[in-house]
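Visitor: Chain by chain, the residues run as shown.
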Amino acid sequence: MTRNKLKKKSLINQRELWIMLIPVILYFALFKYLPMGGVIIAFQRYSPFRGVAGSPWVGLEYFRQFFSSIYFGRVLRNTLMIGLFDLAFGFPAPIILALLLNGIQNKPFKKATQTVTLLPHFVSYVVVAGIALNMLSPSTGVINAFRMKLGLESIYFMQESKYFWGIFTSLRIIKESGFSAIIYLAALTAIDPTLYEAARCDGASRPQQLRHVTLPGIIPTIVIMFIIKVGKIISISFEQVLLLQNDVILDTSEVISTLVYRRGLVNADYSYATAVGLFETFVALVLVLSSNAIARRMKSESSLW
Amino acid sequence: MNRPSGKMELFWTIAVAAAVILICAVMLYPFLFTISASISDPDMVIRNQVTFFPKGPLSFEGYKILFRNERIWQGYANTIFYTLFGTGVNLAITILAAYPMSRRGFNGYRFINIFISLTMFISATGMMIPLFLVVRGLHMLDTRLALLIVFAAFPYYIILLRSFFQQMPEEMFEAARLDGASEFTILLKIVLPLSGAALATIGLYYGINRWNGYFWAMIFLRDETKQPLQVVLRELIVLASMGEEMDASLNRGGSNAEVIKYGAIVLATLPIAVIYPFIQKYFVKGATLGSVKG
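In the order they appear, the protein sequences are chains B and F. The first sequence runs 19 to 323 under the working numbering. The second sequence runs 71 to 364 under the working numbering.
There may be inaccurate statements among the hints.
[Unchecked claim] Below, simulated DSS-like cross-link-like pairs (lysine-lysine); rule was C-alpha separation at most 27 Å, straight line: (1) B/K180 with B/K247; (2) B/K125 with F/K351; (3) B/K250 with B/K317; (4) F/K351 with B/K247; (5) B/K129 with F/K355.
Quick caveat, the hints were computed from the structure, so don't treat them as lab data. It should be emphasised that the depicted structure is a prediction, and the values quoted were computed from it without experimental measurement.
With the sequences and hints as input, model every part of the structure.
Guide: In C-alpha cells, the structure reads:
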C-alpha cells in the first residue's frame, strides 16, 4: 500500500505543475481577488488621490444614502420586474421551441431550423440593439411602417417607459431561445423511443403523447433549469440593458447594474457605486447559493429513481 | 382504443412545421431587412419603403462610404487583433489551469479548485468599480494589454477542460513519466494533440466573446485608434438612433446615414454568419458538455 503510494507520488512532478499554475494564480489574484478586496472602498469616502490607505472611513453612509434615495425602490423594482418578465416569458420559450423542433420528423428540415434559431445567439448585443432600435424607430422603422399601413399611428417605442420591459424581454427571447433550447433537446433525445411506440399502439394522439411521454421525460430538466433561472433573477444582462436604455425612459430601464455604471464609471462616484454593487452581490449570492442547494438536492433525489 | 387516425397525424405534422417556419421567419427577418436596407436606394430607406427586399436601384453607396472610413477599418483590424490574441491568452491560461488540476495526485488540487471556483459566485456588477480601479492603478487604462489579460480565463471553461483531461487514460501519463518526460512535455506532446475537439469548442466560445464584446473595451480604451469594431458600431448605430451625435466623419453621409448604419451592421456580423454553419456542431457540443457530467 505505502509502496504503491510512493510509486504514484514519484510519477507526478508537483513542482512543474505549480510552475504551470503561476500565471493562473497571478491572473486570479490580480483581476479577481484584488478587486474583491477593493470593495472596502464602499465603506470609505474614497478619493483616487489618497488611495485606499488614505481615504477616510465612513461606515455605512453610502448604503444609507442608497437605501433612502428614490433610486433604491426604482432600480430594485426594475431589476425584479425585468427578471420576472424573463422568467414568465423567457423561460418557457426555449422549452416550447425544443418541443416544436423535436416534433419535426424530417431530418434536414430539423437541422436547418436549429441552425436558424441558434444564429441570433452569436450576434453581438450591439448589433441586436442596433437592428432593434432601427426597426422600432418612429420615422424609419419598419414596425411603424406596418402600423401606418394598417391605419394606426406611429409609436415612439424607445421614448415611452411602458414598452421597455416588453421590448427587452422580446429581444432576449429572440436572441437566446435557440441556444437555451439545446439543453432541452438533449433531454428529449434521451427519452426511450419505445415509450412512444407503446403510446402509439395504445392509440395516443400527438397531444396525448406530449402529455404522457414527452413532458414527464423532460420535467426533471425543466425543474432544475427553473431553479437555476430563479437564482439568477437579478443578474440580468447588463450590457443589453445599457444599449437599449436612454435618458427619457430611465424610470423603467434603470437597473442596479446600470446605476452602478452611471454613478461609478460615468460620474466617478466610486464609493457610492461600489456600495450599490456590493448590495447587488450580496442579494445575488444568497439567491444563487439557495437555488444551487435546492437544485443539487432535487438532482440527487431524481437520480434515485 | 383505436390507433390515432392518419388525418390527425398529418394535421399535427403540418401544425408543428408551420409554427417552426413562423419562428424561423421572425428570427431571420431582422437580418433580411438589414441586408436589404443596406443595398437599397438611400432615399427609399429614409422614406421607409423597404420591407422585405431591396427597393429601388441597387445601391452600394453605404458600403462605399464605409470602405473609405478609416475608423471602421481600424476597428476591424483591432477586433481581429483582440480576437486572435485574446483567444490565445484565454486558451493558454485555461490549459495551464486545467492540466495541473486534472493530474491525479496533484497536491494543490483542493486549493486551486476552491481558488478558481469561488470567483464564479461573485457578481460582475459588484466587481465593476473595483476592477476598473485596479486596472487604472496598474496604469493599464488605454492599453491594448488591459483588454487581453483582464479577462484571461472563465472558470467555467477551466472546469470543462479539466473534466475533459481527466477522462484520458492514466496509464498514458504514467508511461510518459517513466520514460522521463516532464509535465510540460506531457502537456505539449501528449495531452494537447489529443484535445483538438475540446480546445476548438472552448476556443470558439472565447473567440465569439472576444469578437462581440464592447462594454469593457468602451471603458478601458478612450483612444479611438485602439477601439474594436463593436465600440465603433455602438457609436454609429446605437447612439445615432437615440438622436445623439454621430461620428462626424460618417455623418457627412447626409441622406446616406441610414444605409451606412445597415451596412455597418452587415459588415460586423458577416464574419460570424459565414463561419457559423461550420462551427455550429462544436457549439452544440459545448452547451451540453457541462450538463452531461452533472
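Visitor: All hints, please: hold or fail.
Guide: Hint-by-hint comparison with the structure:
Our distance criterion of 27 Å between C-alpha atoms is met by B/K180 and B/K247, whose separation comes to about 25 Å. In summary, the hint linking B/K125 to F/K351 is supported, as the alpha carbons are separated by about 15 Å, within the 27 Å threshold. For the hint linking B/K250 to B/K317, the alpha-carbon distance of about 18 Å falls within 27 Å, and the restraint holds. This hinted pair checks out: F/K351 and B/K247 have alpha carbons roughly 25 Å apart, not beyond 27 Å.
Straight-line distance between C-alpha atoms of B/K129 and F/K355 comes to about 15 Å, which keeps the hinted pair within the 27 Å bound.
Checked against the numbered hints given earlier, this structure breaks none of them.
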